[in-house]
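Asker: Quick note, the sequences are listed as chains H and C, same order. According to the numbering used here, the first sequence holds residues 242 to 463 in order. According to the numbering used here, the second sequence holds residues 11 to 263 in order.
For the record, the hints were derived by calculation from the structure and aren't laboratory data. All values derive from a computational prediction rather than experimental measurement. Don't take every hint at face value.
As the list claims (entries may be wrong) - For the chain H half of the interface with chain C, some residues (derived, Cβ under 10 Å), not all of them: (1) A392; (2) S396; (3) A409; (4) P414; (5) L445; (6) I448; (7) G451; (8) A454; (9) A458.
Stated by the list, open to error - Label-pair ranges, simulated between beta-carbon atoms: (10) C/W128 - H/P432: 45 to 51 Å; (11) C/F184 - H/L286: 38 to 44 Å; (12) H/L445 - C/P96: 33 to 39 Å.
Don't be surprised by glycine CBs; every beta carbon is placed ideally from N, CA and C.
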Amino acid sequence: MRRAFLAILKRDLALAARAGGGGELALVFFLTLVVLVPFALGPDLNLLSRIGPAILWLGALLSVLIGLDRLFQSDEEDGSLDLIRASALPLELAVLSKGLAHWLTTGLPLALVSPLLGLLVALPGEGVLPLIATLLVGTPALSFIGAGGAALAASLRRGGLIVPVLVAPLTVPVLIFGVSAANAALGGTVPFLTPFLILCAISLMAIVVGTIAAAAALRSVD
Amino acid sequence: MASLIDLANPTRFMRLSAALLPWFAAAAAVFLATGLYLAWFVAPADYQQGETIRIMFIHVPAAWLAMMFYSVMAVSAFGTLVWRHPLADVAQKAAAPIGACFALVCLITGALWGKPMWGTYWVWDARLTSVLVLLLIYLGIIALWRVLDEPLRAARAVAILTLVGFVNVPIIKFSVDWWNTLHQPASVLRMGGPTIHPSMLWPLLILAIGFTLFALALHMLGMRAEIMRRRVRTLTILEAERLDRLAAQGAAA
Numbered sequence: 242m243r244r245a246f247l248a249i250l251k252r253d254l255a256l257a258a259r260a261g262g263g264g265e266l267a268l269v270f271f272l273t274l275v276v277l278v279p280f281a282l283g284p285d286l287n288l289l290s291r292i293g294p295a296i297l298w299l300g301a302l303l304s305v306l307i308g309l310d311r312l313f314q315s316d317e318e319d320g321s322l323d324l325i326r327a328s329a330l331p332l333e334l335a336v337l338s339k340g341l342a343h344w345l346t347t348g349l350p351l352a353l354v355s356p357l358l359g360l361l362v363a364l365p366g367e368g369v370l371p372l373i374a375t376l377l378v379g380t381p382a383l384s385f386i387g388a389g390g391a392a393l394a395a396s397l398r399r400g401g402l403i404v405p406v407l408v409a410p411l412t413v414p415v416l417i418f419g420v421s422a423a424n425a426a427l428g429g430t431v432p433f434l435t436p437f438l439i440l441c442a443i444s445l446m447a448i449v450v451g452t453i454a455a456a457a458a459l460r461s462v463d
Numbered sequence: 011m012a013s014l015i016d017l018a019n020p021t022r023f024m025r026l027s028a029a030l031l032p033w034f035a036a037a038a039a040v041f042l043a044t045g046l047y048l049a050w051f052v053a054p055a056d057y058q059q060g061e062t063i064r065i066m067f068i069h070v071p072a073a074w075l076a077m078m079f080y081s082v083m084a085v086s087a088f089g090t091l092v093w094r095h096p097l098a099d100v101a102q103k104a105a106a107p108i109g110a111c112f113a114l115v116c117l118i119t120g121a122l123w124g125k126p127m128w129g130t131y132w133v134w135d136a137r138l139t140s141v142l143v144l145l146l147i148y149l150g151i152i153a154l155w156r157v158l159d160e161p162l163r164a165a166r167a168v169a170i171l172t173l174v175g176f177v178n179v180p181i182i183k184f185s186v187d188w189w190n191t192l193h194q195p196a197s198v199l200r201m202g203g204p205t206i207h208p209s210m211l212w213p214l215l216i217l218a219i220g221f222t223l224f225a226l227a228l229h230m231l232g233m234r235a236e237i238m239r240r241r242v243r244t245l246t247i248l249e250a251e252r253l254d255r256l257a258a259q260g261a262a263a
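Work out the full structure, taking the sequences as your base and the hints as a guide.
Answerer: What follows is the structure, encoded as structure tokens:
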């Protein structure tokens, strides 16, 4: 069973690295969003640095949402999803490994690149490590809630924006606490750990609930 | 539970609902008429808010019904996934647009009430935000229904989404207790009984019952329409298959 888990993980990592449209596109989209916001708001650095963590978190959230299609759709199209369903590995563990691969190729790079984009929004120095920490903890929740949504729409040819529309309301708590923690590190009355630990709890719950929901959705296809 | 199993037969449901529907509609009309008369002419104006308090008589039942219909959807979703009740998915699908409309009515009447009272149409406090999220989840559910075409598969997918989104309903209920909100705290359904005066409580409850009967009548109508829609779909598929067979025989002969 461990071999099956690792096999799915390695396969997804290899596909994301080679086939393109994976992690790199999410990074470029992140950059695009963070660049667009100052064009809309104007160059006032004070304003930008006050809402910097929020811009970066929104960018990360939207980049993860955009890339959720590829989680199950290509597997559904070429039949690998049927093989995965029929294998001895429990479907929940298969979803766990696909979600982990998605996070490693999307959420993790977004979190690691965020300091560079923080420069664009004049993020203060003491906010960098807390921002990376909140993104590292929060993006798994986004990947796994997104996996739940992607599984519901797995067999759709012309899915369009249905997956972001379904997933976005469910990721609101992650967004709220992620930005709250990142802002708390920049000063204010709330200590950093309070929203950060709540974010960790939400992430852990989201990983479990998202995995179970995605497995149930994939199972119910026929 | 035995009666629910009896109702699992669509034909029996159609007969039963055809008999019940006029009664529900009539009872709804009576309660609504009484409640609206009491709310408009009999209930006193608020000492602080004046006549605008009367928006409450629409706003509060709409909020209750939005949450109640989400719970109806969640229970039906449970019925679809766990018990495979044949009409549970029909109940789910019919409930979604009704609940969404009530959520929208709640938000709009709330905004119209908020402008004179709070000075703003909208504020991002916990209660308003969570009801807005409820509306978004409703719209997502309706979107998912429309996108997946095979009814039973769509039902199971939507059921999962409904159950995952159900976490929002207790958040709405307790939002005014857990957070510092502009929206007033619970006045009716709370420990220690209602804090609202009987002269306003009675019209509110009568209107709540009236709107509930109205919404249930609409729900029954929606379920009947969905059952008939599925029958038409099945008949269309069978007819297409029959024509295919004829064409194949014709080509072979």
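Asker: Against each hint, give a clear statement of whether it holds in the structure.
Answerer: Hint by hint, here is what the structure shows:
no.	hint	in the structure
1	A392	8 Å, holds
2	S396	8 Å, holds
3	A409	7 Å, holds
4	P414	9 Å, holds
5	L445	15 Å, violated
6	I448	13 Å, violated
7	G451	8 Å, holds
8	A454	5 Å, holds
9	A458	5 Å, holds
10	C/W128 - H/P432: 45 to 51 Å	31 Å, violated
11	C/F184 - H/L286: 38 to 44 Å	40 Å, holds
12	H/L445 - C/P96: 33 to 39 Å	37 Å, holds
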